[in-house]
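Colleague: Each chain, written out:
Protein chains: 2
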Amino acid sequence: MDAPEATGVAARATGRRPHVVIVGGGFGGLQAAKALRHAPVDVTVIDRINHHVFQPLLYWVATAGLSPADISYPIRGILRRQRNAEVQLGEVTGVDVAGQRVLVGERAVPYDYLILATGARHSYFGHADWEPVAPGLKSLADATMLRRRILTAFERAELECDPARRAALLTFVIVGAGPTGVELAGAIAELAHKALRHDFRHFDPATTRVLLVEAGPRILPAFSRHLSDQAQRGLEHLGVEVHTGKAVSAVDAEGVTIGGERVAAQTALWAAGVMASPAGRWLGVATDRAGRVPVNPDLSVPAHPAIFVIGDTAAVASGEQTLPGVAQVAMQAGHYVARAIARRTAGDTAPLPPFTYRDTGNLATVGRSFAVAQIWHLELSGWLAWLVWTGVHILYLIGYRNRFVVMFQWAWTYLTYQRGARLIVPPPSTDG
Amino acid sequence: MDAPEATGVAARATGRRPHVVIVGGGFGGLQAAKALRHAPVDVTVIDRINHHVFQPLLYWVATAGLSPADISYPIRGILRRQRNAEVQLGEVTGVDVAGQRVLVGERAVPYDYLILATGARHSYFGHADWEPVAPGLKSLADATMLRRRILTAFERAELECDPARRAALLTFVIVGAGPTGVELAGAIAELAHKALRHDFRHFDPATTRVLLVEAGPRILPAFSRHLSDQAQRGLEHLGVEVHTGKAVSAVDAEGVTIGGERVAAQTALWAAGVMASPAGRWLGVATDRAGRVPVNPDLSVPAHPAIFVIGDTAAVASGEQTLPGVAQVAMQAGHYVARAIARRTAGDTAPLPPFTYRDTGNLATVGRSFAVAQIWHLELSGWLAWLVWTGVHILYLIGYRNRFVVMFQWAWTYLTYQRGARLIVPPPSTDG
Numbered sequence: 018m019d020a021p022e023a024t025g026v027a028a029r030a031t032g033r034r035p036h037v038v039i040v041g042g043g044f045g046g047l048q049a050a051k052a053l054r055h056a057p058v059d060v061t062v063i064d065r066i067n068h069h070v071f072q073p074l075l076y077w078v079a080t081a082g083l084s085p086a087d088i089s090y091p092i093r094g095i096l097r098r099q100r101n102a103e104v105q106l107g108e109v110t111g112v113d114v115a116g117q118r119v120l121v122g123e124r125a126v127p128y129d130y131l132i133l134a135t136g137a138r139h140s141y142f143g144h145a146d147w148e149p150v151a152p153g154l155k156s157l158a159d160a161t162m163l164r165r166r167i168l169t170a171f172e173r174a175e176l177e178c179d180p181a182r183r184a185a186l187l188t189f190v191i192v193g194a195g196p197t198g199v200e201l202a203g204a205i206a207e208l209a210h211k212a213l214r215h216d217f218r219h220f221d222p223a224t225t226r227v228l229l230v231e232a233g234p235r236i237l238p239a240f241s242r243h244l245s246d247q248a249q250r251g252l253e254h255l256g257v258e259v260h261t262g263k264a265v266s267a268v269d270a271e272g273v274t275i276g277g278e279r280v281a282a283q284t285a286l287w288a289a290g291v292m293a294s295p296a297g298r299w300l301g302v303a304t305d306r307a308g309r310v311p312v313n314p315d316l317s318v319p320a321h322p323a324i325f326v327i328g329d330t331a332a333v334a335s336g337e338q339t340l341p342g343v344a345q346v347a348m349q350a351g352h353y354v355a356r357a358i359a360r361r362t363a364g365d366t367a368p369l370p371p372f373t374y375r376d377t378g379n380l381a382t383v384g385r386s387f388a389v390a391q392i393w394h395l396e397l398s399g400w401l402a403w404l405v406w407t408g409v410h411i412l413y414l415i416g417y418r419n420r421f422v423v424m425f426q427w428a429w430t431y432l433t434y435q436r437g438a439r440l441i442v443p444p445p446s447t448d449g
Numbered sequence: 018m019d020a021p022e023a024t025g026v027a028a029r030a031t032g033r034r035p036h037v038v039i040v041g042g043g044f045g046g047l048q049a050a051k052a053l054r055h056a057p058v059d060v061t062v063i064d065r066i067n068h069h070v071f072q073p074l075l076y077w078v079a080t081a082g083l084s085p086a087d088i089s090y091p092i093r094g095i096l097r098r099q100r101n102a103e104v105q106l107g108e109v110t111g112v113d114v115a116g117q118r119v120l121v122g123e124r125a126v127p128y129d130y131l132i133l134a135t136g137a138r139h140s141y142f143g144h145a146d147w148e149p150v151a152p153g154l155k156s157l158a159d160a161t162m163l164r165r166r167i168l169t170a171f172e173r174a175e176l177e178c179d180p181a182r183r184a185a186l187l188t189f190v191i192v193g194a195g196p197t198g199v200e201l202a203g204a205i206a207e208l209a210h211k212a213l214r215h216d217f218r219h220f221d222p223a224t225t226r227v228l229l230v231e232a233g234p235r236i237l238p239a240f241s242r243h244l245s246d247q248a249q250r251g252l253e254h255l256g257v258e259v260h261t262g263k264a265v266s267a268v269d270a271e272g273v274t275i276g277g278e279r280v281a282a283q284t285a286l287w288a289a290g291v292m293a294s295p296a297g298r299w300l301g302v303a304t305d306r307a308g309r310v311p312v313n314p315d316l317s318v319p320a321h322p323a324i325f326v327i328g329d330t331a332a333v334a335s336g337e338q339t340l341p342g343v344a345q346v347a348m349q350a351g352h353y354v355a356r357a358i359a360r361r362t363a364g365d366t367a368p369l370p371p372f373t374y375r376d377t378g379n380l381a382t383v384g385r386s387f388a389v390a391q392i393w394h395l396e397l398s399g400w401l402a403w404l405v406w407t408g409v410h411i412l413y414l415i416g417y418r419n420r421f422v423v424m425f426q427w428a429w430t431y432l433t434y435q436r437g438a439r440l441i442v443p444p445p446s447t448d449g
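Protein chains in written order, with the working numbering: chain Y, 18 to 449; chain F, 18 to 449.
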């Protein structure tokens with residue numbers, strides 16, 4: 018516990034305020050930055066994109082119900098009034114641990130304290146070749162690409178004369194039945210069976226097949242068995258074919274092999290596994306199998322007390338388990354780390370009690386007006402759970418404008434089944 | 018005048034309804050399709066993108082005030098309930114005039130009547146090398162690219178230590194002072210001086226320079242001199258430097274040469290000239306200097322009475338002049354051509370009176386709450402003209418959802434100066 022105190026002292030001795038660098042403007046990084054607003058430190062948030070994204074609603078963008086801007090907010094705008102904070106756009110390429118500098122391409126940003134909150138990407142369990150044919154949903158770029166693929170499949174089906182090829186175009190396979198997989202499956206089924214029902218002349222969108230595949234014994238394993246059953250029934254009611262206990266052994270551009278059986282499908286989507294960002298590599302520390310950095314009970318990195326890792330990039334032990342990669346864990350960790358730094362910079366050397374996660378519950382929607390919710394000891398399913406889900410998501414969205422626009426669009430979709438963002442935006446060809 | 022009647026007769030003789038193919042889902046093509054809804058014909062609309070775009074509001078997307086989906090609507094959705102219409106996604110590559118077929122890559126779509134409504138792109142007056150450094154604003158892809166460039170310039174300025182280079186990053190040159198140039202200049206000035214004013218720590222966004230350059234003697238040449246003066250004063254009030262009577266002689270990645278004088282600017286935008294789509298080449302007919310196809314008074318192509326060209330792709334003589342490339346001309350032409358085809362298919366061989374354009378006026382906005390309007394013999398400027406502009410644009414937007422969302426975002430921007438779509442979306446890297 019020497020380095021940071023020494024650093025803090027050095028900073029104070031020179032009259033310089035300690036510099037806290039936060040890499041990543043997701044839930045964890047932002048929460049840390051905001052919680053430092055009254056601390057006697059200078060904060061720099063570095064992100065490679067200029068906006069915070071509300072990841073839990075990415076599937077709404079992917080299924081054409083919302084626009085990217087509706088679920089995001091410029092990081093710079095969020096911290097506009099926080100005078101001790103600045104924002105830098107840039108892609109971090111490494112950390113010079115000895116020199117206490119974050120490397121951003123050719124720039125180097127010195128730090129006294131470093132918070133790494135860089136999130137996670139998809140993991141294909143060693144099948145890197147599946148990535149181009151079964152993209153995942155972690156960023157807005159992913160979401161608009163998924164939207165393009167889903168809508169393009171219907172457009173191609175309209176022009177396809179061969180019935181087998183048309184059927185393959187109208188088959189969507191979602192691999193992995195956590196909340197993202199379940200929500201995507203429900204939304205695609207509703208898009209096909211409701212929003213698009215009058216739009217085509219050469220096929221009936223009702224013939225669209227949506228398959229949700231899960232290797233484990235049931236969908237939504239983080240929920241109780243009862244809620245998981247309820248959610249499965251909800252999905253089946255929407256026309257989703259749920260396949261549990263079946264592993265995917267092959268994915269290519271023509272189809273997916275599910276439990277040994279080949280399904281011809283032009284569109285496969287990946288919601289099965291994640292791999293942490295390369296923060297462990299930057300620090301030169303060993304990571305767990307999911308690429309996460311094991312951290313001390315106070316979320317600092319062993320042997321690097323001035324460096325903290327939070328969110329999906331950190332492996333935080335909680336009893337026998339590791340805390341899940343959800344927004345609430347990241348936000349609480351961001352808040353905790355900010356408090357720890359504020360204390361240390363104030364010269365308070367008494368260690369903080371270890372970080373503990375207050376579980377705020379689990380929520381997942383199934384289609385337009387059905388959700389499952391597990392909050393403390395309460396279990397809800399159906400329309401009431403959907404209202405809770407709606408309220409919580411509106412509340413956590415950043416910006417009144419976003420809240421209002423998203424509420425309006427949900428009401429619109431609820432009443433009309435229509436989806437307002439059915440754009441196939443071609444990838445920009447040249448951008449000198 | 019033989020072919021179409023013969024075709025129509027042939028179609029009727031075989032019991033087949035005549036097939037009208039419309040290429041382009043812009044203002045003209047859509048209006049034609051909708052006006053044919055009660056005609057005894059089958060309509061196919063072909064477009065390379067799946068949505069209609071409300072082009073007059075593209076500058077709002079480029080300046081981060083609206084999302085792409087707010088100003089567009091799926092063509093398929095617009096024609097959902099029109100049972101005699103279908104929509105095909107595809108890029109037209111040519112027309113087999115002799116065989117009466119539209120070529121869409123490897124597909125060929127036969128037609129009895131063909132309406133080409135394929136719009137226009139930018140023209141750089143022979144300086145094709147200016148295009149990558151001074152992009153124009155004709156599509157949503159253009160708009161998101163412009164938005165990316167504008168916002169990225171501010172992000173780079175925040176990291177730039179060299180004052181000269183920072184000044185170049187904060188200098189925006191807009192070439193061409195028609196409505197698009199004027200509206201872009203006003204919106205960029207407001208973005209810099211209002212929306213971003215608290216967002217940066219290492220420079221003052223108020224130092225941003227916005228230059229509007231026009232080779233002609235005044236801005237908005239389609240308006241009266243009085244309104245053009247009013248608009249110029251409005252722009253200057255927002256901090257825009259207006260340079261009229263000055264030609265641009267060089268554009269590169271480092272700056273623009275304006276009236277012989279070099280201005281260091283990292284961002285140049287093109288609003289100066291357009292070139293019609295290659296419809297003339299498809300038909301093998303001579304075009305005018307702007308690439309437009311000269312048409313008969315009934316908008317058919319000389320020697321090809323079953324082929325009509327409308328909108329920005331057509332050169333329609335009106336006295337000594339050619340009709341301007343604006344939405345109203347295209348819409349009225351689409352309606353006229355639909356009526357002409359409906360008459361011919363009904364066996365009515367009496368020629369329609371020539372197409373005449375009812376001028377509905379000109380509108381342009383200057384920033385948040387100032388516009389100029391020239392409607393019949395009425396001239397308006399200021400807040401009232403801005404209300405007219407707002408009303409007209411909301412009215413012509415397609416879809417209640419879009420109208421409501423745009424109205425809300427305008428009200429939001431009006432009250433807070435904030436812009437809700439400040440996303441730098443990186444171009445998708447791979448999309449297998």
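Simulated from the structure, these hints should not be mistaken for laboratory data.
Only a predicted model underlies this, so the values are computations on that prediction, with no experimental measurement involved.
Be careful, since some hints might not be right.
Copies of the same chain look alike in the list, so a pair counts if it works inside one copy or between any two.
Taking lysine to aspartate or glutamate pairs in the DMTMM-like style, the calculated list, with each CA pair at most 25 Å apart, reads [stated by the list, open to error]:
#1 Lys-51 - Asp-269
#2 Lys-155 - Glu-175
#3 Lys-51 - Glu-175
#4 Lys-155 - Asp-315
#5 Lys-51 - Glu-172
Colleague: Now tell me if each hint is right for this structure.
Modeller: Taking the hints in turn, this is what the structure says about them:
no., hint, verdict
1, Lys-51 - Asp-269, "neither (44 Å within a copy, 41 Å between copies)"
2, Lys-155 - Glu-175, "neither (30 Å within a copy, 28 Å between copies)"
3, Lys-51 - Glu-175, "between (50 Å within a copy, 21 Å between copies)"
4, Lys-155 - Asp-315, "neither (27 Å within a copy, 53 Å between copies)"
5, Lys-51 - Glu-172, "between (45 Å within a copy, 21 Å between copies)"
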